[in-house]
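Asks: All chains should be built: construct the whole structure from the sequences, respecting the hints.
If you read the sequences in order, they're chains A and B.
Under this note's numbering, the first residue of the first sequence is numbered 1, with each subsequent residue one higher.
Under this note's numbering, the first residue of the second sequence is numbered 109, with each subsequent residue one higher.
It should be emphasised that the hints constitute simulated quantities derived from the structure, not laboratory data.
Please note that the accuracy of each hint is not assured.
As the list claims (entries may be wrong) - To give a feel for the contact side, a few chain A residues facing chain B, derived at Cβ under 8 Å: (1) Q91; (2) K95; (3) K100; (4) T102.
Said to hold, decoys possible - With a straight-line cut-off of 30 Å between C-alpha atoms, the simulated DSBU-like cross-links for lysine-lysine are: (5) A:K57 <-> B:K152; (6) B:K159 <-> A:K68; (7) B:K170 <-> A:K100; (8) A:K68 <-> B:K152; (9) B:K135 <-> A:K59; (10) A:K59 <-> A:K79; (11) B:K135 <-> B:K159; (12) A:K59 <-> B:K152; (13) B:K152 <-> A:K42; (14) A:K79 <-> A:K63; (15) A:K59 <-> A:K103; (16) B:K170 <-> A:K63; (17) A:K69 <-> B:K152; (18) B:K159 <-> A:K63; (19) A:K103 <-> A:K68; (20) A:K42 <-> B:K159; (21) B:K152 <-> A:K100; (22) A:K69 <-> A:K57; (23) B:K135 <-> A:K57; (24) A:K42 <-> A:K63; (25) B:K152 <-> A:K103; (26) A:K42 <-> B:K170.
Said to hold, decoys possible - Part of the chain B face toward chain A, derived, beta carbon under 10 Å: (27) E149; (28) F153; (29) Y156; (30) F173; (31) G181; (32) A201; (33) P216.
Since we're looking at a predicted model, the values are computed, not measured.
We put the CB at the ideal spot given by N, CA and C, even for glycine.
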Amino acid sequence: EDQVTQSPEALRLQEGESSSLNCSYTVSGLRGLFWYRQDPGKGPEFLFTLYSAGEEKEKERLKATLTKKESFLHITAPKPEDSATYLCAVQAAEKLVFGKGTKLTVNP
Amino acid sequence: NAGVMQNPRHLVRRRGQEARLRCSPMKGHSHVYWYRQLPEEGLKFMVYLQKENIIDESGMPKERFSAEFPKEGPSILRIQQVVRGDSAAYFCASSQRDRGGNEQYFGPGTRLTVT
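Replies: So this is what it looks like as structure tokens:
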């Protein structure tokens with residue numbers, strides 16, 4: 001069964017304190033791994049797609065990496081506006097299978 | 109605004125009533141997906157549609173739920189005879205399905221409350 005596990009469930013950082021979020025997955029035939037950001041009361045906002053092990057993508061203070069079993073979302077020098085829930089998903093056939101997310105809080 | 113649009117944003121229904129949720133995909137997108145998010149749960153796939161076709165409905169409850177994406181107009185997710193357990197946020201996503209990937213762009217969601 002296709003499965004995505006994210007850790008930690010919640011993470012509190014001080015502004016400027018870098019860290020990483022983990023996404024472990026099992027899927028038969030990875031066609032893509034996706035990172036989204038979700039703010040309270042809003043829909044998920046697309047961040048990155050990774051297709052193969054070794055691939056990396058960056059956007060501002062975020063960097064996503066991919067291995068054969070997991071993906072990391074690295075947050076460098078976060079700011080309070082980076083506070084959100086970060087969702088990881090894998091493509092299984094035509095649908096996305098999501099993890100439960102990591103709720104990130106960045107304190108000023 | 110070229111994003112995915114959903115309406116209504118909030119919907120309150122009494123047990124036994126019908127709920128209709130609408131989704132207009134991003135301009136140029138012909139693939140629509142519906143997901144449900146329960147409190148403290150992850151997003152769960154419900155159904156995948158293209159114009160006039162249901163491609164994958166493996167995540168849809170067998171009874172009371174139906175979806176359509178007509179040739180003209182928005183995609184509709186319909187829930188008949190709602191129960192309290194249907195209370196959730198329902199998100200629609202759309203994609204182009206190009207470049208071999210499947211970036212899905214989500215709407216703001218419809219929050220359904222069943223009283």
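Asks: Does the structure break any of the earlier hints, and which numbers would those be?
Replies: 4, 6, 16, 18, 30 and 31
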